[in-house]
Every structure is written in structure tokens, then in C-alpha cells.
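Residue-level listing of the chains:
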Amino acid sequence: MKDFLFVFRADYLNMPQVSPEEMQAMTKRWMDWIGGIAAQQKLADRGNRLERTGAVVRGANLVTDGPYTEVKESIGGYTIVKAESLEEASEMAKGCPIFNFGGSVEVREISPLM
Amino acid sequence: MEGNELIPNLFRTEYRKIAAVLCKHFGFVHMEIAEDIVSDTFLTATETWGLKGLPENPVAWLYTVAKNKAKNLLKHEAVHQKTAKLLITPEQEIPDTDIDLSDENIRDSQLQMMFAVCHPSIPAESQIGLALRILCGFGIEEIADAFLTNKETINKRLFRAKEKLREENIAIAFPGKAEINKRLEMVLRTLYLLFNEGYYSASQNTVLRKDLCMEAMRLTILLLENPSTNLPPVNALLSLMCFQSSRFEARTDASGETVLYNDQDTSLWDHQLIMQGEYYLNMASQGNELSKYHLEAGIAYWHTIKEDTTEKWEQILQLYNHLLQLEYSPMAALNRTFALSKANGKAEAIVEAEKLQLDNHHLYYSLLGELYTGVDNNKARQHFEKALQMAKSTADQKIITQKIQALG
Numbered sequence: 006m007k008d009f010l011f012v013f014r015a016d017y018l019n020m021p022q023v024s025p026e027e028m029q030a031m032t033k034r035w036m037d038w039i040g041g042i043a044a045q046q047k048l049a050d051r052g053n054r055l056e057r058t059g060a061v062v063r064g065a066n067l068v069t070d071g072p073y074t075e076v077k078e079s080i081g082g083y084t085i086v087k088a089e090s091l092e093e094a095s096e097m098a099k100g101c102p103i104f105n106f107g108g109s110v111e112v113r114e115i116s117p118l119m
Numbered sequence: 022m023e024g025n026e027l028i029p030n031l032f033r034t035e036y037r038k039i040a041a042v043l044c045k046h047f048g049f050v051h052m053e054i055a056e057d058i059v060s061d062t063f064l065t066a067t068e069t070w071g072l073k074g075l076p077e078n079p080v081a082w083l084y085t086v087a088k089n090k091a092k093n094l095l096k097h098e099a100v101h102q103k104t105a106k107l108l109i110t111p112e113q114e115i116p117d118t119d120i121d122l123s124d125e126n127i128r129d130s131q132l133q134m135m136f137a138v139c140h141p142s143i144p145a146e147s148q149i150g151l152a153l154r155i156l157c158g159f160g161i162e163e164i165a166d167a168f169l170t171n172k173e174t175i176n177k178r179l180f181r182a183k184e185k186l187r188e189e190n191i192a193i194a195f196p197g198k199a200e201i202n203k204r205l206e207m208v209l210r211t212l213y214l215l216f217n218e219g220y221y222s223a224s225q226n227t228v229l230r231k232d233l234c235m236e237a238m239r240l241t242i243l244l245l246e247n248p249s250t251n252l253p254p255v256n257a258l259l260s261l262m263c264f265q266s267s268r269f270e271a272r273t274d275a276s277g278e279t280v281l282y283n284d285q286d287t288s289l290w291d292h293q294l295i296m297q298g299e300y301y302l303n304m305a306s307q308g309n310e311l312s313k314y315h316l317e318a319g320i321a322y323w324h325t326i327k328e329d330t331t332e333k334w335e336q337i338l339q340l341y342n343h344l345l346q347l348e349y350s351p352m353a354a355l356n357r358t359f360a361l362s363k364a365n366g367k368a369e370a371i372v373e374a375e376k377l378q379l380d381n382h383h384l385y386y387s388l389l390g391e392l393y394t395g396v397d398n399n400k401a402r403q404h405f406e407k408a409l410q411m412a413k414s415t416a417d418q419k420i421i422t423q424k425i426q427a428l429g
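In order, the protein sequences belong to chains G and Y. For what it's worth, the working numbering labels the leading residue of the first sequence as 6, then goes sequentially. For what it's worth, the working numbering labels the leading residue of the second sequence as 22, then goes sequentially.
FYI, nobody ran anything at the bench for these hints, they're computed from the structure. Do not take every clue at face value.
Straight-line C-alpha distance at most 20 Å; calculated EDC-like pairs for lysine to aspartate or glutamate [stated by the list, open to error]:
1) Y/K376 to G/E26
2) Y/K424 to Y/D274
3) G/K99 to Y/E369
4) G/K99 to Y/D232
5) G/K47 to Y/E26
Not the full set, but computed from the structure, chain G residues with beta-carbon under 8 Å of chain Y [claimed, not checked]:
6) D37
7) I39
8) R51
9) G52
10) N53
Some residues of chain G that are not near chain Y, with every Cβ distance over 12 Å (derived) [claimed, not checked]:
11) Y17
12) S24
13) T32
14) W35
15) M36
16) W38
17) I42
18) Q45
19) L48
20) D50
21) V62
22) G64
23) K77
24) M97
25) E111
These numbers were taken from a predicted model, which means no experiment stands behind them. Don't be surprised by glycine CBs; every beta carbon is placed ideally from N, CA and C.
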């Protein structure tokens with residue numbers, strides 16, 4: 006089994022306003038999806054959400070504030086799963102509720118430092 | 022009470038107290054001596070009381086005799102040591118202070134023993150075995166019954182465990198502040214396993230099974246009585262135990278057969294225990310900590326409400342989702358999938374169940390059988406039959422056979 010990083014991206018700034026009920030339903034879908042991965046003993050690290058504000062540092066005098074205007078989508082969070090292959094990990098990612106609001110999941114194999 | 026009833030009863034309540042104090046006094050190095058003294062005390066009691074009748078205060082009598090036996094032994098050892106520099110090396114020297122059998126010291130010794138016995142250096146089943154022997158006063162035969170094995174196996178297991186505790190030089194002491202949370206985690210795990218050993222055991226001996234659960238609860242309460250271990254996860258664990266044991270009378274019928282949750286007579290549920298469970302769950306909710314015991318107590322709470330509602334199963338599903346993220350277990354994965362079928366429907370649950378890869382558990386096939394029932398009865402039957410082939414206990418086999426018959 007290898008570890009794969011799921012990076013969640015979406016256009017968080019231009020998201021439609023949702024009612025508390027819709028918000029709750031969305032949370033449930035996330036929890037059911039993560040719970041399903043955990044039930045297969047394939048959740049390595051639930052990960053975390055990321056705050057919307059941030060900074061990009063490109064050198065001592067090159068610091069720009071986030072959110073990053075040059076890209077529409079920003080990273081909202083990450084999770085680490087266990088899978089045999091990139092195909093299997095991608096298959097797992099297909100259940101992610103982020104697609105309901107136009108987001109994406111980037112799937113990357115983690116190559117551990119020796 | 023007649024003397025012949027009194028001794029087994031006293032044995033139950035007093036053996037463990039004297040044993041804890043003496044073991045603490047002598048240390049793991051001389052633990053056998055301590056155990057011998059307690060056994061010997063009860064032997065003397067049986068003989069003397071049989072001849073001379075009961076003393077006025079049997080408990081005080083036992084304590085005095087145990088103390089004297091310990092003192093005589095210490096004196097004897099001291100003499101021995103002077104004449105021949107034997108067995109006992111200076112660093113193993115037996116402390117010769119008075120044996121203190123006050124309530125306070127009994128409580129402290131039991132608590133300290135609990136931490137020592139639940140030490141990570143010995144395997145969980147040995148921890149449970151030692152806890153049953155020293156902290157609960159169970160006989161070797163009872164322990165063997167509880168583990169569905171024989172006396173030799175248990176004797177060997179306990180012997181190895183004691184050797185290990187000696188080798189590692191484990192102190193019988195309350196862990197320091199820095200260590201307490203980690204060590205408490207081990208203690209709670211052992212108490213949880215002890216309870217489950219009773220609650221889910223395949224043993225037909227329902228009295229013994231109930232005893233194991235009661236002992237686990239008693240030891241958990243002992244932790245709650247001490248301010249430094251009266252912590253949210255401990256309250257959560259006791260809450261879980263209260264909720265679970267509330268169904269004890271309802272889950273077996275008069276002939277000892279298992280009664281499934283759905284068929285249970287709720288008037289046999291112990292509502293006093295359910296209320297206590299709610300009380301301890303409230304106590305557990307102080308602070309931000311969310312242990313697996315909190316989540317399991319939450320799941321057990323929802324099971325004290327018999328009625329099937331969307332809210333109930335949605336809550337149970339989310340609690341399982343969370344529990345699995347904290348700690349995976351095959352049982353939690355199976356139960357989560359059952360809750361999913363109740364909350365989100367069978368179609369989704371079947372897809373998720375197929376991903377679980379728990380082909381070596383009969384309960385996995387039982388679950389699949391359950392999910393396919395009413396969706397595809399042929400498939401349901403195939404799965405139940407597979408489960409029947411794999412089930413080991415007669416109680417499980419009976420339940421599965423009933424399910425197959427219900428398919429028509």
C-alpha cells in the first residue's frame with residue numbers, strides 16, 4: 006500500500022450562498038465519503054481544511070497576499086489515503102462531494118524521503 | 022447468612038482488597054508470596070470458622086490473620102537472611118513496615134495495581150488475566166472459562182506476565198502527572214476489553230459473563246472516585262458500559278438463547294442503568310476531548326431508543342464515520358455500513374459493503390445477507406449460507422438459520 010495525497014481545489018470565493026440545511030447536507034456527504042474510506046481501512050490521515058487567506062513567498066522581497074488572483078481555484082484542504090495504485094486512489098477520489106460545486110481533487114502519490 | 026455461603030461471598034469482596042494491598046507491599050518480585058498469603062488466609066478461615074463458628078467481625082478477622090501471616094513471613098525471612106544469605110538480594114529486600122488494610126490504602130493499592138497490571142509491556146490478554154486475578158479475585162478456572170481455554174494456558178500466561186513485570190521492574194505506583202494520560206489510555210483499553218469479554222463472549226455461562234461486565238464497571242468507578250483519574254474518557258467509558266449492560270436481561274431468553282436487538286422486550290431494559298449512562302455521558306462532555314469511548318457511548322445511547330427514526334440512524338452513522346477515523350476496527354466498519362443502509366438506503370450500503378474486504382468474518386456475510394434481503398433474496402440466501410458455514414458458535418448459527426428461514 007502506498008500513500009496518496011488528495012488536494013481539494015475549488016473556486017471558494019465565487020461559491021453560491023447556501024442555506025444552513027444545504028450546508029449540513031454537504032457536511033454529511035463529506036463525512037459519509039471520508040467514513041467510507043476509513044471503513045476500508047484506507048484513510049491514512051484525515052488531513053485538514055486550510056484557511057482562505059494566506060501568502061505566497063517567492064523570495065525575500067517577493068511576498069504576495071493570498072487569495073491568489075491569478076488562479077481561480079484555491080486549495081481548500083487535503084487528505085491522505087492508502088491505495089495500491091494511482092488508479093485505485095483516483096477511483097476513491099471519484100466519490101468526493103467537491104464535484105457538486107465544481108471543485109477538483111488532485112491525486113498525487115507520496116514518495117517518502119528516506 | 023450461613024458460614025458456607027459467607028466465605029465465597031467474602032472471598033469475592035475481600036480477596037481482591039487484601040491481594041492488592043499485599044502485592045503492593047511486597048512488589049511484583051514477591052507477588053506469589055502475597056497471593057499465597059491471601060489464599061492461605063481464606064483456607065485458615067474455612068477451617069477455623071468451620072470448627073469454632075463465625076467470628077464477630079469476619080472481615081476484621083480476615084485482615085488480622087492476613088496481617089499476621091505476612092508479619093510472620095517477614096520475620097521468618099529476616100531470620101533466614103541472617104543465618105544464610107539466601108534467595109533475597111539486598112535490592113529485593115522485603116519492606117518490613119506494617120501492613121495497612123485501611124479503606125484508604127485498599128483503594129490506593131487497587132488503583133496503583135490497576136496501572137501496574139495494565140502495563141504496555143505485557144499483552145492485552147495477560148493484562149485482563151492479571152486484572153481478573155488480582156483486582157477481581159477470580160479463580161484460575163473462572164478466568165480459563167472466560168477466555169474459553171484451560172487452566173494450564175491461563176497459569177502459563179499469568180506466570181509469563183508476572184515474569185515480564187518483574188524483568189521490566191514495573192513499580193506498583195500511581196503514574197506521574199506527565200505520564201498519566203498515556204497510562205490511563207492503557208487502563209481504559211483493558212477495562213473496555215474486559216467488559217467486551219463479558220458482553221460479547223461466546224461462553225454460555227451468562228452468570229460469569231455478567232460478572233465480567235460488573236467487574237469492569239466496578240474498576241471504572243474506582244477510577245472515577247479518584248480526582249486525578251476522574252476524566253472525560255473515563256466517564257465516557259462508564260457511560261458506554263451502563264448503556265450496554267442495560268440490555269443484559271433482554272438479550273437472552275429463559276433458555277439462554279440470544280434475543281436480537283430488534284426482538285428484545287424493552288420492558289426488560291434496565292432504565293436505571295440507562296439514566297446512569299446519560300449522567301456519565303453528560304459528565305464526559307465537559308471539556309473538548311472526544312475519545313473513542315465518547316463516540317461509542319453516543320452510539321450506545323442511540324441504541325437505548327428502540328424506535329427506528331431517520332435521526333437515530335443518521336446520528337449513529339456519523340458517530341461511526343468519526344469513530345473509524347479515530348480507530349479502525351472490522352466491527353465498526355460492519356456496523357457503520359449497516360447504519361449507512363438505514364440512513365442512506367440499501368443500494369448505497371451494498372456498494373460500500375462490497376468494498377470492505379472482510380471476507381474472513383462471518384459477520385461480513387451476515388451483513389451482506391441482511392442488505393440483500395428484500396433487494397435480491399437469492400443473493401441474500403447465498404451470503405447467509407456462507408455466513409453459516411463460517412460461524413463458530415451455536416448461538417450465531419441459530420440466528421443465521423433463522424434469517425435464512427425468514428427469506429421463505
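Hints, one by one, checked against the model:
1. Restraint check for Y/K376 and G/E26: the C-alpha separation of about 30 Å exceeds 20 Å, so the hint is violated.
2. For the suggested pair Y/K424 and Y/D274, the alpha carbons sit about 18 Å apart, so the restraint of at most 20 Å is met.
3. The suggested pairing of G/K99 with Y/E369 holds, with an alpha-carbon distance near 15 Å, which does not exceed 20 Å.
4. Distance check on the hinted pair: G/K99 and Y/D232 sit about 49 Å apart at the alpha-carbon level, beyond 20 Å; violated.
5. For the proposed pair G/K47 and Y/E26, the alpha carbon gap of about 55 Å is over 20 Å, so the pair is violated.
6. Against a cut-off of 8 Å between C-beta atoms, the interface hint on G/D37 holds, since the closest Cβ of chain Y lies about 7 Å away.
7. A cut of 8 Å between beta carbons decides the hint on G/I39: the least distance to chain Y is about 7 Å, and the hint holds.
8. Contact between G/R51 and chain Y, as hinted, is supported at the beta carbon level, the nearest pair being about 5 Å apart and thus within 8 Å.
9. For G/G52, the suggested interface contact is broken, since its CB lies about 10 Å from the closest CB of chain Y, more than 8 Å.
10. The closest approach between the C-beta of G/N53 and any C-beta of chain Y is roughly 12 Å, which is over the 8 Å cut-off, so the hint fails.
11. No Cβ of chain Y comes within 12 Å of the Cβ of G/Y17; the nearest lies about 24 Å off, and the non-interface call holds.
12. No beta-carbon of chain Y comes within 12 Å of the beta-carbon of G/S24; the shortest separation is about 18 Å.
13. The Cβ of G/T32 sits about 9 Å from the closest Cβ of chain Y, inside the 12 Å cut-off, so the non-interface label is violated.
14. With a cut of 12 Å on Cβ distances, G/W35 falls inside the contact zone with chain Y, its closest approach being about 9 Å.
15. Distance to chain Y contradicts G/M36 as a non-interface residue, since its nearest Cβ pair spans about 5 Å, not more than 12 Å.
16. With a least CB separation of 9 Å from chain Y, G/W38 falls inside the 12 Å interface cut-off, contrary to its annotation.
17. Remark: the non-interface label on G/I42 conflicts with the geometry, its nearest Cβ contact in chain Y lying 9 Å away (cut-off 12 Å).
18. With 12 Å as the threshold on Cβ separation, the claim that G/Q45 sits away from chain Y is violated: the shortest Cβ distance comes to roughly 5 Å.
19. Residue placement check: G/L48 does not keep its beta carbon more than 12 Å from all beta carbons of chain Y (closest about 6 Å).
20. With a closest Cβ-Cβ approach of about 10 Å to chain Y, G/D50 is found to fall inside the 12 Å limit, against its non-interface label.
21. With a minimum CB-CB distance of about 33 Å to chain Y, G/V62 clears the 12 Å threshold, and the non-interface call stands.
22. The beta carbon of G/G64 is kept farther than 12 Å from every beta carbon of chain Y, the shortest such distance being approximately 39 Å.
23. Taking the minimum C-beta to C-beta distance to chain Y, about 31 Å, the non-interface status of G/K77 holds against the 12 Å cut.
24. At roughly 9 Å from the closest C-beta of chain Y, the C-beta of G/M97 falls inside 12 Å, breaking its exclusion from the interface.
25. With a cut of 12 Å on Cβ distances, G/E111 stays outside the contact zone with chain Y, its closest approach being about 22 Å.
Of the numbered hints given earlier, the model fails hints 1, 4, 5, 9, 10, 13, 14, 15, 16, 17, 18, 19, 20, 24; all others are met.
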